[in-house]
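Chains as they are written, first to last, in numbering that gives the first Met the number 0: chain A, 0 to 347; chain B, 0 to 99; chain C, 0 to 681.
Everything labelled a hint here was simulated from the structure, so no lab data went into it. Careful: at least some of the hints might be erroneous.
With a straight-line cut-off of 30 Å between C-alpha atoms, the simulated DSSO-like cross-links for lysine-lysine are [stated by the list, open to error]:
{"hint": "1", "chain 1": "C", "residue 1": "Lys465", "chain 2": "A", "residue 2": "Lys227"}
{"hint": "2", "chain 1": "A", "residue 1": "Lys226", "chain 2": "B", "residue 2": "Lys25"}
{"hint": "3", "chain 1": "A", "residue 1": "Lys227", "chain 2": "B", "residue 2": "Lys25"}
{"hint": "4", "chain 1": "B", "residue 1": "Lys91", "chain 2": "A", "residue 2": "Lys253"}
{"hint": "5", "chain 1": "B", "residue 1": "Lys25", "chain 2": "C", "residue 2": "Lys465"}
{"hint": "6", "chain 1": "B", "residue 1": "Lys91", "chain 2": "B", "residue 2": "Lys25"}
{"hint": "7", "chain 1": "C", "residue 1": "Lys486", "chain 2": "B", "residue 2": "Lys91"}
Here chain A is said to cover these stretches of chain C; the calculated rule only asks that three of the stretch's residues, wherever they fall, bring their Cβ under 8 Å from a Cβ of chain A [unchecked claim]:
{"hint": "8", "region": "334–344"}
{"hint": "9", "region": "467–479"}
{"hint": "10", "region": "512–521"}
Note that the Cβ used here is the ideal one computed from N, Cα and C, for glycine as well.
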Amino acid sequence: MEPSEQILAIRRSVALSRLPHVSYQWITGTGAFEALNRVFSRELYVRDGQLVQGLLLDGEGHVYADCVVARDDDDYFLLAEGPDPRGLAEYLSLHARGVDDFEIVDRTATHDLISLDGPYAWELVARLVGQEVVGLPYMTFFHLDGLVCCRSGKTGEYGYVLIVDREHSETTWNSLVELGRGFDAAEASLEALDVCALENWFFNVRREGRARVTPIELQLQWRLSRKKSFVGSEAVRQRLEEGLTRRATTLLSKEPFAVGDQVSLAGRVIGDIVNAAHSPVRGEWVGLALLDLAYAHPGITTLRVGPERTSARTVSPPVLQNRSLYVNPQVHSYASREEDEFPSLVVP
Amino acid sequence: MESDLRSYLERRRRMLERVRNLLVDKLGVQREADEIDPDTPLFATGLALDSIDAVDLLIHLEAELGIEVPSDEEGRSALRTVNSIVDLALEKQEAVDGAE
Amino acid sequence: MRGDVAVTGMGAVSALGEGCAPLLDAFVSGRGGIDRIRRFDTSGFSVHLAAEVGAWFEGPPVAIDPDEDARCVALALSAAREAMAEARLDPVALPSHRVGMVFGTSLGSLTRPVHELAEWMARELRIDGPLMTVCTACSSSTGAIGLARDLVTSGTVDFVLAGGADVLTERVFAGFHALGVLSPERCAPFSMPFGTSLGEGAGFLVLEDAEWARRRGVTRLAFLSGYGLSADAFHETSPDPRGRGVEMAVRAALVDADIGAGDVGYVNAHGSGTEANDRSEWQGIRRALDGLGTVPVSSSKGALGHTQGAAGALETVVTILAMRRGLMPPTLNFSGPRPYAPEDPIAGPEPRSAGYEHAICVNAAFGGANAALVVSRSPRSKGPAPRRRPVVVAGVGLVSDRGLGIAAWEAGGRRGTAGPVPPFSLAEVDPRIDPHGLDASSLYLTAAAALALSDPEGARPLGPRKLGGLVLGSVRASPQSTDAFAKSIENGGLSRVSTAAFARIVLNAPAGFCSKLLGLRGPLTALTVGTGSGLAALLVAAEQLSLREDVPFILGGAVDELDTGAESEEGSGGEGAACVVLASGPEAAPAGPRLTGWGAAGRGRVSEAIDRAVAASGGCGPEADGRFDERDYATLAGVPRAVPSSLAFVAALSALRRGEVRRALVTSDMGDSVSLAVLVDA
């Protein structure tokens, strides 16, 4: 199936994905909080059953990993994108030196992660694990019959990540594929998920995360604490003191453009592209550019991008009205989607 | 043309400041105004406002900025990020200016 | 044998009429009480319906201000008198100090400490036993009935009047309206559209020992065989979406009643009709009943509206009335199930003819306080009464005018807290707790509770946090939040009240925040007796803990917050919070100081309370060699405060820990609701 079809499934029904690029590690023991708190980029305010999005930085203040931390009683687990599991475990151990009583258990090799994303993902996942999942708020999780069900996702739609031990993951996957037929479910690749993340302004550590800038340029200050110190916090503070010169801003164009392309305004270069993809829902190209601060705002319609000096404009992301905003599990269902009225995905 | 853009960006920056200050002063967001990046999501992630804050946000947007957020789809998409509030506020401002 | 507790009298006032007879008639004929609001102008709102007690209600004259307080007391008095008459309870003929009352109300009053309403009622009814007021928003009277049961089984009193009352005020209506939870149509539980309709009224029960009632020759209408309390630890106004709190409350009630899930014949659900409540509540109930999804479930709110703090009592009255006639009350306004509704919602308008032995009444509230009752047709004839478990003091936490902790307080002399709490950050106590959005009361209580749970001198380990409970004693909602709510009305009018502030003007809000932030999901309640509330909370916590094997520990807390905006003496005096961890079970180290006995009696009867505490301790052990009375820790006479009585307890504990005394007696009798005594052994 073409990536564009996978993306349309995510936007209109539901898609299944495997997430082999995500590391899954548990941090246990009385020192678990301290060990994580030293590297986590924001206050680790997370109650039992909750997830919190944050970052792990390197000493230069650049993003090392995009991670979600969950608290399970007094233990924690994290789902991280960016580094490989071994590198991540080493990073955690290195920075937790001197912390007493904690253990890092890498479960990436023993567990599989399956994600379901789409306006009707809740309905498909409820078929598998029961109706308890309906109403699970964003960034929470629960245990159920040997699996962990996280309401997370990076597409702007209802999103669930099921963590299943490897022995049972094939059965779970096959059941979902089987149940998914009734939802016209697609199997989505990482490429498709990444396009959806871009459309919905979810941070992508493999794209803009590799731009050698701090989270401040990436508009990720909401994931940073100014009060605590953590790995990279000194570099970030320094960048703040120097003052911001560029900021990541979302762009749209009718014509293609690519990572590395320059963005100009009235003949003057004002930035470059750090993420780009075709948006089949909009029928346009969408991207993220690091723009000079003065122009890092939506609503500029006279930009040019790339060698062809294609016309482009800055916009406020998300670039679509996700159907999940309007689908209510207590009112709607995939079966009744034709009769239910929803706003169009794209506002012109 | 160039001056049109400059005045637009100036209006935009001013409105962004007002929205940021409102979030800090009225909604009790525990951040400095300059920590609130323009594309930050308002609910669930980002500023992590919740359903209780949503009502207070609407009230303050009307009281402080004079914008009535529609209760329909337009309203829902206006309340996604800091910038989406700014978009709506500028739109309403233009509508008022145009009428005058 | 553990004595069964019988219901021997009931009274009700609601939109459906004054008295139990019209209430039953309405349910039999399928008549509902929700109609256009007449008492105030609703043109500024998008909702115009509620279940008002109509102009037909005259009620006894009550000379207190403002009108809404008078109306609340009048409704309560009407229901209480009806219940007392049915129980043939004449305090003039009986020893009046053997009659107590537990009153439940949601807001009750915004202008006076709410315990005064119960005290007013007691004077009118000539009741001289202990009085308590439970304020856990919409589960207030459900919890009140539970705590009343314990007053009977512990032998504290012979009779308890238990129930609740609430009035439909414009402010409450505005708050619910702003939250977007009011239905544009008549409340249709489990059906469409989403939303609730508010109501008002009062319900009261008379509870007494079943054997005593039989000998007295009064009709035993039903038996209260169990109850359970729990916390959602989730959110100020939204229920836990999986209904785990409701599940725990129902499970605790079943364990308490010693019945199985299959014994439950009917469930009277909270069923408020809101989008968030009905689905999550039913999930919780179904899990607690081991997945028995076919149990008949109805909500009385389609008929009564959501009568707030009175809901539990009124719905229990409805359940008992129906049960006695072999009926199940219907769910009105049901026009087809919404997704995830119960399989058998007893769709109205007619009730269903069906005999059953046990019913469960469930209520859930803002702040996540859930309560469930088991009501039975016959006495349970249970096995031997469970042995009371030893109760150990496993930690203390204090926030006072001298800062954080016991040491700081002692360094300043073991005196009452006499001024404002110096500014502090929760991170000093526990960096894992998010302090965002806490008012001063919630901040103080949470800090005191976190300190208590990490008290280095405390007994460890405590057992799982998620099974731990919290009982809060305080005298009013946070002045900071009450002011914020009042200001939002001033600025934007009633159609634009601040929902964040509205969620915090209930007395139990600090308990809700504290249980959420610390992950305590065990028994949760909040009560007031005016001055002495801290010690009263400790007694209720000790009683729960000693009888419930499923609970490893409960915190007894107290909080006071200065009203810095007030010019009267309310703005002076002391503020702070105290929390005591009481623990039991195999996890609690036997080394800690032990609560060996506790007792309560009516106002001005502290010697009776002491006698009872001594008797409860088995009459053995040494004479108390240290007396710690609330008076020595109160800094301002005449202004009700919760913390001084807790400080007396903390002082006792500190003296015990230092070996200064071997057995301490802690007493409180400054308030007009209750006299209290606790014995603590080193």
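To see whether the hints hold, each was checked on the structure:
| no. | hint | result |
| --- | --- | --- |
| 1 | C:Lys465 x A:Lys227 | 28 Å, holds |
| 2 | A:Lys226 x B:Lys25 | 21 Å, holds |
| 3 | A:Lys227 x B:Lys25 | 25 Å, holds |
| 4 | B:Lys91 x A:Lys253 | 28 Å, holds |
| 5 | B:Lys25 x C:Lys465 | 34 Å, violated |
| 6 | B:Lys91 x B:Lys25 | 21 Å, holds |
| 7 | C:Lys486 x B:Lys91 | 28 Å, holds |
| 8 | 334–344 | holds (count 3) |
| 9 | 467–479 | violated (count 0) |
| 10 | 512–521 | holds (count 3) |
Going down the numbered hints, you'll see the structure goes against 5 and 9, while the others check out.
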